[in-house]
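A.B. asks: Chain by chain, the residues:
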Amino acid sequence: MDISLIFAQFMSGLSRGMMLFLIASGLSLIFGVMNILNFAHATLWLAGAYFCYTFWSLMQDYGFGMWVSIFLAALSLAAIGWVIEVVLIRRVYNRDLSEQLLLTYGLILVIGDLIKLTWGVEDKFIARPPLVASPVFLFGVPFDSYFIFVILIGFAVAFGLWYFLKKTRYGHIVRAAVFSREMVSALGIPIPRIYTGVFVLGIFIAGLAGAVQAPVGSITLGMDMAVIVQAFCVVVIGGFGSLLGTFVGSMIVGEVYAFSILLWPQGALVLIFIVTAFILIVRPWGLFGTPMRA
Amino acid sequence: MKKFKVMVIVCSFLLIGGLITIDSSLAAEPYHLGVDLAITGTGAMYCKDGTDAVKLAVDEINAKGGFLGKHPIKLFIRDTHTKPDVAVREAKDLILRDKVRCVLGTYSSACAAAIKPVCQEYKVLHIPAISNSENITKVNFSPYTYQVVPNSYMQAKAVVLGVAELAKKKGWKKYVTLASDYEWGRSTQENTVQLLKQFAPDLKLKKEFWPRLGETQFTSYITAIMAQKPDFVYGCLASKDNANWMKQAKAYGFFEKVPYPGSLISVSELTTQAKTLTRGLIGLCRAPFFAHMDIPMMANFVKNFRAKYNRYPSDWAVMEYDAVYALKQGIEKASSIDTEKVKDALKGATIDTCRGRHYFRKIDNVLSCSSYIGVVADDPKYPFPIYHDLVEVKGPDSWRPEAEIVAARAAKK
Chain A
1 MDISLIFAQF
11 MSGLSRGMML
21 FLIASGLSLI
31 FGVMNILNFA
41 HATLWLAGAY
51 FCYTFWSLMQ
61 DYGFGMWVSI
71 FLAALSLAAI
81 GWVIEVVLIR
91 RVYNRDLSEQ
101 LLLTYGLILV
111 IGDLIKLTWG
121 VEDKFIARPP
131 LVASPVFLFG
141 VPFDSYFIFV
151 ILIGFAVAFG
161 LWYFLKKTRY
171 GHIVRAAVFS
181 REMVSALGIP
191 IPRIYTGVFV
201 LGIFIAGLAG
211 AVQAPVGSIT
221 LGMDMAVIVQ
231 AFCVVVIGGF
241 GSLLGTFVGS
251 MIVGEVYAFS
261 ILLWPQGALV
271 LIFIVTAFIL
281 IVRPWGLFGT
291 PMRA
Chain B
1001 MKKFKVMVIV
1011 CSFLLIGGLI
1021 TIDSSLAAEP
1031 YHLGVDLAIT
1041 GTGAMYCKDG
1051 TDAVKLAVDE
1061 INAKGGFLGK
1071 HPIKLFIRDT
1081 HTKPDVAVRE
1091 AKDLILRDKV
1101 RCVLGTYSSA
1111 CAAAIKPVCQ
1121 EYKVLHIPAI
1131 SNSENITKVN
1141 FSPYTYQVVP
1151 NSYMQAKAVV
1161 LGVAELAKKK
1171 GWKKYVTLAS
1181 DYEWGRSTQE
1191 NTVQLLKQFA
1201 PDLKLKKEFW
1211 PRLGETQFTS
1221 YITAIMAQKP
1231 DFVYGCLASK
1241 DNANWMKQAK
1251 AYGFFEKVPY
1261 PGSLISVSEL
1271 TTQAKTLTRG
1281 LIGLCRAPFF
1291 AHMDIPMMAN
1301 FVKNFRAKYN
1311 RYPSDWAVME
1321 YDAVYALKQG
1331 IEKASSIDTE
1341 KVKDALKGAT
1351 IDTCRGRHYF
1361 RKIDNVLSCS
1371 SYIGVVADDP
1381 KYPFPIYHDL
1391 VEVKGPDSWR
1401 PEAEIVAARA
1411 AKK
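Residue numbers (our numbering), protein chains in the order written: chain A, 1 to 294; chain B, 1001 to 1413.
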């Protein structure tokens, strides 16, 4: 097989994996720290895409419009995340998982309808600026230049999250809270504030992921449902709550999908689910998760 | 005597009053019309235009008193979410709760195929105006289902005639297909491949790609297709999948490298992607308004649609509008809103549509409407590209021979 062909497929898998990592990292972070399985994560991701469209509509005459819109959309979602945490999520920390799931599932319906009421049912399009509208050639292989930005953003988020959790004092507190809320609380550190911060950060990343997705194709209702399944596959493979696991899981899903399209197009999705099922059977806590969370 | 006169006057009033009541109750009997379209989900992009066109047609007919001038239409619109199970649930609800006599729809042939037996069971008319898999009418035939859209076979045949000509001219030898992995995509791809074998036997199908319905990222497909180095690609993607594909493939410079003839580029794509759509693409569509502006019904429809919604109607709008008027003409021919009579009246009926005068073929209730192929190009008359060098492939020249339908039904038994 031609090496340039393998490289092209690898790059498309990498871009797909990075897009999945951006979605799944916030989901995994929130679950890892707060033990909340946020079903509405992908719907908030979709809201990020719509917010990006709105900001872009206001600034489309400027070359920087799309870039600024992506950032503003992520910030808007962070604000929405803060409201959701303070008004709703905070009240179910100590409830059963089933009640948390019901609440976040209800959020899917509410946010979905709000999106429909606000932006209507028509598809939205963001025209990319000339810088990322044409292909670039990497070793003679064409590649969508926008995906270079996607890959860079993916690495930046991965590094930023790692640095935050491992190298900052606040990150150490967050990690400590994962293992013993009581101990952290006994040290006089307000747990609710920590949780709010983590939830807002997770939703900020979801909003960023949605905004980054927006210029790729059309923005449309229902996109979230297609994405959430693959995001769950990623966190199941990598291990819920593990940043490294989420990154590796995203790459596995992205590359398996890309290469199976090349070699066995009919079975691309099936292969991902086979890998997910296999991991669930032999290592239920995922590749990089801990048995405690199984 | 006086008592008798009073009695006569009172009885007369009662009689006249009763007659008026009976007459007005007859006149007021509304026609309940159901619409089962994808307000959300993959098909939302096309169906907004469809529902708007139905509303416009209903307003026009109601302004003249309704069907037969005395049955005002009461519209019930439901969202299938582009999911067959939801489409069935909503269709049943429309029939049982809202007592509709006809269900218009649907986007996604899977939805149309799913609600067809429901309509047949409850003896309700079913007019899928967007869904076009030929299986909707070819097999498991329902006398209650009428199709006003060129079906997947007709569209495939239209494309094949054009592609076979191009292949001969350009010396094409191998191709790949890219089709959405659901009923319409499978059916259209299969028909196209079969017909290409017949009309261009030298062409070899190298690989088939089946992205799932609702795919958001086509990058892996784009690189995998380019790796095959095909002489051309035949695509069967629709609605937002098609929009995503076109945008992403363009960003890869795909269309400059690989010819992509005969794929669905409806007026929706022409308008929404006006700035980005690659000029020179050879596309296929089902009911482009600009092809028939010489027909008064189309000209009026475009004028009224633009006045009401401030945009041009897409293929989907044209076909849904035609569906309502097909129903109207069926009712007029039957002189009744009784579903059995209307169903029988429509059998083989010739009707006026925005796309000209057509008839329903008796064997499968498919309208003899055309498919359209052309080259995407800018036009000073419109703020978006339209088709130039437009070729209209007539329904009777492209639909499946009746003998094959008979054979398919026999094989199904």
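Read the hints as simulated data drawn from the structure, not as lab findings. Predicted model only: the values in this text are computed from it and were never measured. Hints may contain errors.
[As the list claims (entries may be wrong)] EDC-like, lysine to aspartate or glutamate: derived pairs with alpha carbons at most 20 Å apart: (1) A/Lys124 - B/Asp1052; (2) B/Lys1257 - A/Asp2; (3) B/Lys1055 - A/Glu122; (4) B/Lys1229 - A/Asp2; (5) B/Lys1207 - A/Glu122; (6) B/Lys1206 - A/Glu122; (7) B/Lys1275 - A/Asp2.
[As the list claims (entries may be wrong)] Non-contacting residues of chain B with respect to chain A, defined by C-beta distances greater than 10 Å in every case (computed): (8) Thr1040; (9) Met1045; (10) Lys1048; (11) Val1088; (12) Glu1208; (13) Trp1210; (14) Thr1219; (15) Lys1240; (16) Lys1247; (17) Ala1251; (18) Gly1253; (19) Lys1257; (20) Gln1329; (21) Ser1336; (22) Thr1339; (23) Glu1340.
[Claimed, not checked] Not the full set, but computed from the structure, chain A residues with beta-carbon under 8 Å of chain B: (24) Leu5; (25) Ser57; (26) Leu102; (27) Gly106; (28) Lys116; (29) Thr118; (30) Glu122; (31) Phe273.
For glycine and all other residues, C-beta sits at the position ideal for the given N, C-alpha and C.
A.B. asks: Of the numbered hints stated previously, which ones are contradicted by the structure, given in increasing order?
C.D. replies: 5, 6, 7, 8, 9, 10, 12, 13, 14, 15, 16, 17, 18, 19, 25, 26, 27, 29, 31
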